[in-house]
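**Student:** Sequence:
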Amino acid sequence: MRQESLTVSRELEAIRQEREKLSDKIKDLQETIASEESTLETVKDRKRDKEFEITQFQDKLDTIKKELQEYDEKHQEYVHEKEEWQYVRRTLDEMRQEVQSLTAFKATLEVEIEKLKGELAENGGANTQDGAADAYADIMEVDPVCLAPDEFAGAGQVRDEVKLLHEFRDVLAGEGYYFPERVINAFHTSLKSNVRTPLTVLAGVSGTGKTLLPIRYTEFMGLHRLVIAVQPRWDSPQDMFGFYNYLEKRYKGTELSRALVRMDPYNYDQFASYRQARDGMLLVLLDEMNLARTEYYFSEFLSKLELRRLVKNPSVAEQRHQAELNFDAGPGGRPFTVWVPENVLFVGTMNEDETTQALSDKVLDRSNVLRFGKPASVPAHERHAIRKASQRREYLPFSTWQSWMRSAKDRPWESEVNQWIDRINEAMNGVGRPFGFRVREGMLSYVANYPGIDDGHRYRLAFADQIEQKILPKLRGIDMSEAGTTLSRIAEVIRSVGDDALEESFREAQQESARMGLFTWRGVTRAFEDD
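With this note's numbering, the residue at position 22 of the sequence shown is 17, and numbering never jumps.
One should not assume that every hint holds.
[Claimed, not checked] Distance condition first, Cα-Cα at most 30 angstroms in a straight line; then the derived DSSO-like pairs of lysine-lysine:
#  : residue 1 : residue 2
1  : 101       : 39
2  : 22        : 61
3  : 55        : 69
4  : 307       : 101
5  : 247       : 299
6  : 60        : 45
7  : 307       : 244
8  : 299       : 22
9  : 299       : 404
10 : 42        : 55
11 : 404       : 307
12 : 45        : 61
13 : 45        : 55
14 : 42        : 60
15 : 158       : 244
16 : 404       : 158
17 : 39        : 22
18 : 16        : 39
19 : 357       : 101
20 : 45        : 20
21 : 101       : 244
22 : 61        : 42
23 : 101       : 299
24 : 469       : 404
25 : 357       : 244
26 : 469       : 69
[As the list claims (entries may be wrong)] Taking CB as the label site, the calculated pair distances span:
#  : residue 1 : residue 2 : range
27 : 103       : 63        : 30 to 40 angstroms
28 : 498       : 51        : 34 to 44 angstroms
29 : 433       : 307       : 17 to 27 angstroms
30 : 103       : 247       : 17 to 27 angstroms
If you are wondering where the hints come from, they were derived from the structure by calculation, not from laboratory data. Source: prediction; values computed, not measured. Just so it is clear, CB atoms sit at the ideal spot from N, CA and C, and this is done for glycine as well.
Given only the sequences and the hints, what does the whole structure look like? Please build it.
**Tutor:** Structure representation (structure tokens):
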């Protein structure tokens, strides 16, 4: 019995010890669970913190994306502003150089004038009445050779414009000079646009027929012609129109000033004998006009020519005054006031090489610039036969010329052409070279006056001419690294117009210019059949 009691006691002790062990394990597990729960809460807190941080970072990322987008937009604005600033800076530099040159020239003239005034005072002052008449004899009494009254037998009959131009092309071919119809039409239309665009420029390398074309045109059409060889030393309008010589006390006239005085229908009644010349037309050809800086000797005159379109009634002296030329007549003399009528046309030729001056934007905006390649030739016996059969001695009446003139208002193509102009102007603005109303009106006038404009899609050819003549020359010298978008937009318009030769030449110009780094435009060389 006792033995059993001991056994039970030992078992109970063992159970108690086992229970204590289990209690300790339970306590340890409870502590572990509490620790893990605490860790879990910590992890949950960290997760919440990370989620909050992620939300904050996402907000920051969205803000950064928005800022980047705004930066891109501002960068584009900056690029445009930079291009505009570069254009303004170039223009300002050119103006500063011109001001410096003019200031120096003005100072020289002032010294010379004071010297001449002193000499004039020593020699007895102003002229007598008879002396005054003598003083202007060189301009008033010397007849201009270019307006010789016996040059034409009489007025020609009214002719169909398109047929006449076809005949002119055939005559040129017979003389051995192949000019495409597009080139002849472009030259003729540029002359018709002289109210909006007073100057037609024929550009290219030597030997391409730049001088020949206007000379043959005047001979065939029946226009008086004056060819003036521009000299490198020309630096003022006096080189074109003459000047009053204070030492000799007389006006030194030029062939141009003599001709303009006689072509003026309002200010000089004493030249009524030149009625036939005034009823006809005069073409003034400035040969190699860019040997000198055109802005110095021709720019002021060009502005006067452009102002003519603002004069509603030139027979009223008060209205035409703003567009009239004034020649210095010396001390005591009344200035020569000259109105240049619209039947006086101005053409310039220019060789494009390292010895010549480029045209400024002011001149380009008031000009149509034609570039063309060298014409082919034909056998001499064919030239002789056609030339003999096509001589014309009648003059072209200005009234006939006016009958060929057309307005751009309310034409079926007007809206489409205006859209093309808007697209091109937007593209030009991308490189800081947009154009204004003057160029737009000049382009519309050109299209309206293109021969046979109402025949199908000829307005497309006319507008292609204007891209070639007025737009692409303005891109000369732009940085190709900044001009990609502009050139692409212009190329799209050229494709819309449908002039394959122009499109190909423009593509070649882009490729050549990409190698050089600056845009260069050499024009379109058209085949004789490219009509």
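**Student:** For each hint given before, does the structure comply? Return the numbers of the non-compliant ones in rising order.
**Tutor:** The structure breaks hints 1, 2, 4, 7, 8, 15, 18, 20, 25, 27, 28; every other hint is satisfied.
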